[in-house]
Amino acid sequence: MDELPIPADAISAELEDLVFAGLPATRRSFLRAAGFGVGVAAVAGCSRAPVQKAIPHLTPPESIVPGRAYAIASTCAGCSAACGVLATCRDGRPVKLEGNPEHPLSRGGLCAVGQAELLSLYDSQRLDGARDREGGIGWDQADQLVVAELARIRADGGRVRLLTGTVHSPSTRAVIGRLLASLPDAAHVQYDAASTSAILDAHARSHGQRILPRYFFEQAQVVASFDADFLGTWISPVEHAAGWRQARDPEAEPPRMSTVVQFEGRLSLTGTRADRRVRIAPWETEPALARLVERLGVLAGGRAPSASAGRAETATLEEVDAVAGLLWQHRGAALVVAGAADGVAQDLVNRANVLLGAYGRTLDVERPSLQKRGDERALEQLRQELAAGAVDLLLVAGCNPVYELPDSEDLLAGLSATAMVIACSPSLDETAAAAHLVLPEPHSLESWGDAEPVAGFCTLQQPTAPPLRSARTLRATLARWMGDARGDRELLQAHWESELFARQDAIGSPAAFFAAALSRGFAELAPQPVPGAEAAAPAPAGSAFVAPADLVLVLHPQIAIPDGRHAHNPWLQELPDPVSKVAWDNCASVSPATARELGLRAGDVVRLNAGERAIELPAWVQTGQHDRVVAVALGYGRAGTDRFADVGPEWLQARATVESGGTIGENAAPLVARTAAGRVFAGAAVTVEKTGRRVELACSQDHHTLEVPAHLAPKGGEVRDPARELAFAAWQADPEHALHRGHHAPGEGELWAADHENDGPRWGLAVDLAACTGCSACVIACQAENNVPVVGKDEVRRHREMHWLRIDRYFEGAEGEERVHHQPMMCQHCDHAPCETVCPVLATVHSASGLNQQVYNRCVGTRYCANNCPYKVRRFNWFDYAHDDALENLALNPDVTVRSRGVMEKCSMCVQRIQEARSEARRRGEKVEDGAIRTACQQSCPTQAIVFGDHADPAGRMARLAASHRAYGVLDELGVAPSVRYLAGMNNDPLAPARAGHAETGGGHG
Amino acid sequence: MTRRIHVALFADEAQFLAAARTCRERGLALLDAFTPYPVHGIDVLLDVRPSRLPWVCLAGGATGLAAALLFQYWSSITDWPLNVGGKPFDSLPAFLPVAFETTVLFAGLVTAAALWLRSSLLPGRKPRRELPGTLDDRFALLVAHKDAANDFAETRALLESLGAVACWDEMEDAS
Amino acid sequence: MAEIHAPAVRPPTILGDKTLGGITSDVFAPLDRRPTRLWWWAFLSAAAALLLGTVCVGYQIMVGIGTWGLNRTVGWAFDITNFVFWVGIGHAGTLISAVLLLFRQRWRTSINRSAEAMTIFAVMCAGLFPVIHMGRPWLAFWVFPYPNARGPLWVNWRSPLLWDVFAIGTYFTISLVFWYIGLLPDLGTLRERARGLRKKVFGWLSLGWDGSARTWARYEVACVLLAALATPLVVSVHSVVSSDFATAILPGWHTTVFPPYFVVGAVFSGFAMVLMLMLIARKVMHLEDYMTMRHVHAMCKVIVFTGSIVGLAYGTELFMAWYSGNPYEKFAFANRMRGPFGWAYGVMVFCNVIAPQLLWFRKVRWSLGAVFLITILVNVGMWFERFVIIVSSLHRDFLPSAWTGYVPTWIELGTLLGSFGLFFTLFLLFCRFLPMIAASEIKAVVASERHHAPVAEGVAAEGVTTENVAAECETVEAAA
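Residue numbers (the working numbering), protein chains in the order written: chain A, 1 to 1006; chain B, 10001 to 10175; chain C, 20001 to 20480.
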């Protein structure tokens, strides 16, 4: 997989013509298609040219060796962050997505959602061809209808509105611009499901430009985050996580370790990794920020603080004062961020950052982020226009307003009052169902595209497979309506070679410029001047209604399902949420104290009443959450998710994942509050009433703390220490003994004489808990790489999830004050593997290079190995897991066996990658050099928390990490000699020196 | 040549044993005895040599032990050595249970087989002699003359006097 | 054992003034008669249970192990629990037939035949589970080291599961051979009595047994040899079974006390099962004269003895858990007693340690009802012992993140019931078609007692019945 990306334009363009338009093709492109056709055609039943005459690669085209993987550089469209991906393709189809290490934003990382985009390419429910309300119609007919309508509008006036999510594709924006210009009264309205509009508005006021700054967490020594989940779901998580990681490296000389203080009401992923966490209610955010600005003002020599705002707890304000001091101490390397959709709060944040001299250092407005451009006020305006029936033609693309926005009934009414509603949506979602015309957009992996996520930085998205569906991008569609019949690639190339080429001077010829961009996947250009915003309106008190209440609602995006678009992806649905560990559901999270107060247990179905809206959800008890907060994840309850009704095995006592006609989870969008400033996601008062019904949630972890249950522990309690954490202070003071707890050194007290010497490599992993954010990208990467089946809600309930790599999440410490540990747990490939000794048929044995091998076709399934595995990382095929969605099966990795019923399986350390690299090296007559092999989990990790390497090569990166004083093996004391070494987590909280002692014994004493 | 032998049935173990003893003193040849349960003492009178089954059993056991150990060593060291849980290839302690069980198995089967073959107890085989009630409550004694001189009537009278409930004589080929 | 020290007044093994012919008819007559209604009732319910079990196993093999309540952490539960339980049941048979033979315990003769039969059926039930608990039972033969085209790839001699294969295999074979050899004389008698097809069948089975003194001589030697082999075998088998756990690294499994602990437990449960069956059989087959109160007594004493040792073993485990200072070990036992499966631990302790202690009291030993109830409790308790050891150790081991619970499915319950169905079906058929009592051995015993224990005749003279023997035994014990 380490090959250089090869330009795929040649391939894909031809394929596009061939299989999309069905035109007569050249022999070569036909043959290329054929190999793929065999795959899709036969199964997916899409009947296009190669399908009828699918023949094998008789004459393999150069650059595609059958059975040999090749990589295509492209851009992830999983969210608007536009990370760089390398699509690993086999025989003309992608089988794995990986981060593009050269990509300046994502730096090789790719989140769980990005990984899972692969599966949505092979989603059998994507629309095929244009359709009106009756059903399928030809593209030409559809185009004629629209063109006629547009002509009418041009002739005798009329409003045209284009409603999209953030469009950061330069070429598409150009086409949109042309269309809008050609119409009398047309406007383009953008919004983001998870809106950051308030930040842009605040900058319009403070900087005169409606822009979203780019945040540089790598520069930030101290970060004060107010409910901004920047490691999890906020704006560009992979980019932020990579930066955060860069600022925290205990192994560096001298050790680097930033401090993140998280003020929040719910427990976000960032909250779990924060060095210091302050639980505040949403109504405290604004006063807290006000106090912060005041303090900073004082420190900056300003006036004395006025009486502090009354709505905040004194404790909170004291915390704020302390944090203000810390920030000021690191001014220039300090950063304040807030997730609140509240103009006043964001104004305060800007002032704080100005006072801290953060602009130009830890956040940048010269080359701002273009990843979110949503404008809530424009959206609000459009809503009113629609309600008034004042829109003649509405084009919706790249978003699903009927599902995502509150008051969807009004919206639907508005749509029905609109003469023509066109939805460009890949599937028949809630909005498309209400549209007159649906013009499906292709998946990003089968179409051309580009993006400018950061001003002056453009990335290319190119097809990795011929289109599986008859679909057309918004770009091509709009162009065609304006009489420009060029294909996507021509439009794109034209735009790049004219407009974008002009913005750089590194490369002389347009063609060369485009080719270079293709092979790298991106190009760096001069930023376009951002148009100045209209006269900065005063900040509307967006949070006027956010007042103290008994219980308030916090609606948030989830790691696995950041927005509704991904609700149809089984990998993401089955990915346990890193914080709650619940899969296949969203729930109403309350703190333990509140749960006691309301008499709630996890699984009690409760009714949440916010204003006149109400939804019913199972309750979840989430420690670490503010007692007055009820947190609910958005993105669930998508129509059509009952497609998962029969995912998972069918047997006597099986329970359906979702009853047919139902949905996975509930849509919480109706509870989103609306103000003049737009949608507000946190702070609305809510009441919780029990319905008396109970459901069993699918939580992959039963016991959530490192402490064993009190009534089973000796006096003083017992804390286990698989996951350990050090105080940065202690580490700096005495690295040698910071972790020392009198554990046996591995290999100490061996029963057997050292046997089985070998001079070859001894593979192993080093997992840095100081870097791991728990984002779970590795879990999905592993699932994609190793063909791990999806087993469905009931099997997860029964603790039979099949993930080879799981992330153990432990809470430690007093309720509400917990430290949180995330620990990736995979097969430890023990040198003295207990599983091997007990297998009667030698189905699991040790390889010469230190791998614990599982021989599927020898396994008879006694499960003795799993019983004897102290890490419980072995997974058993309890049933024949369904592989009957033939299209979905194209996502299977041909290098990895699909396991049959009744056999044991587990992490193989991506042995297929090891073998590929070794045979490649052998071919070249060299030895595998360090870093040549990267496991799937390592490759995708945004923070490089996982490193694969050779224990026998002391110079190697992994071996060096394993030699760190932070390194330890989980359950080393058992003498099983695990090959996976963990590096203790790191907590840098200068405000709590007491914490140092705490964290030292933090991991407890095994 | 054929000879004539006496068959005497007794209803009581004591009488039967006494009769056997007397006949022996009288110089009559005791050919065999058939009893519903093992009657101790009769084997001595019949000059049954002590059984050699224990030696057979020992041999069987030894074979089993050797076979098991050799095969385990051969298969896990010579034929296909595999690294199993980092244990040495010759994990003798781990080989012992199987070795022991095999020992017992061989010993037991060989003993049983020897018993059956030596006593020619084989499926479908007809009993050598079916005497009324010897499998129920009768004790049969088979007596033959050392030479033709003896008088049948006398012998029969003797047996009856010793308490035989039934007594008759048969011809059998002495070869 | 008071009786043994007072041979002069020892009551006879067999009651009633039995003639040899009388014994023959007593033992073989039931086989000629039509089965009683009671037998039919018992047989049909057993067969029904067997049918249910067969359906459950069939379904599980067709659909997958997932139809059991197991999960990623609890990989064994009912399957291996039942396996160990049934192996344990088997042990009493061998013990009675082999060990008591070596110790020349005469009273064994009345029950050893049925006890051995029980052994064989129990081992059959036991052997079923390791096979069906596999994910791919159709490949079960891979556990045998046979030459194959995969290298040949042999087996892992280090795996206790493999030791099981050899231990259970040997145990079954040797028990079967021993039992069959013991049957030969009676098969001969059956041949004599039967006619028609049965005569043919028994003629074939009896291998032409004719009761020749020469054969008897070898026969007795062979029996002693097999007994001498079976005795260490029975000890090794449950020791091997216990190493399935003892050699694992799981806290609560990794315990050196297991081999003796398991062997004693096996004898304990086995005797309870034998006694239970005996109490049923003597009623159903009217064999009160052969399976007397004296037998009941002797076995009660074995049960209370072994039961106490089992209790000691439990105590030892707890002490070692505490004494080891190993936090995982400590937790495993705290969790075993007070964790989610604490109730099972309670059932285990009550049934195995407390209930049998009642047998110290003569009154309890005399009430067959009470004895019957206790034998049932002991069997329940011993099943739970295995369940507790397996599940409570597995479900919460080292990493708290991996902790789960366990709930059996209907399939598992059905399979457990089915194994009892198989066991009782076989046992009832055995009662119908083969002599439950080793007639030839009984005859030997009766004869010898008549000749060597004259005092007993006084008892025999006045037409003894269970009741006045009861009374008489009282005096015996009082004397002791």
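Check each hint, because a few of them may be wrong.
[Unchecked claim] Below, a list of computed lysine-lysine pairs in the BS3-like style, where the Cα atoms sit at most 25 Å apart:
hint : chain 1 : residue 1 : chain 2 : residue 2
1    : C       : Lys20199  : B       : Lys10126
2    : C       : Lys20363  : C       : Lys20301
3    : C       : Lys20283  : C       : Lys20018
4    : C       : Lys20200  : B       : Lys10126
5    : C       : Lys20283  : C       : Lys20200
6    : C       : Lys20301  : C       : Lys20283
Note that these hints are calculated values from the structure, not bench results.
Problem set entry | Unsatisfied constraints (hint numbers, rising) | Those not satisfied come down to hint 5.
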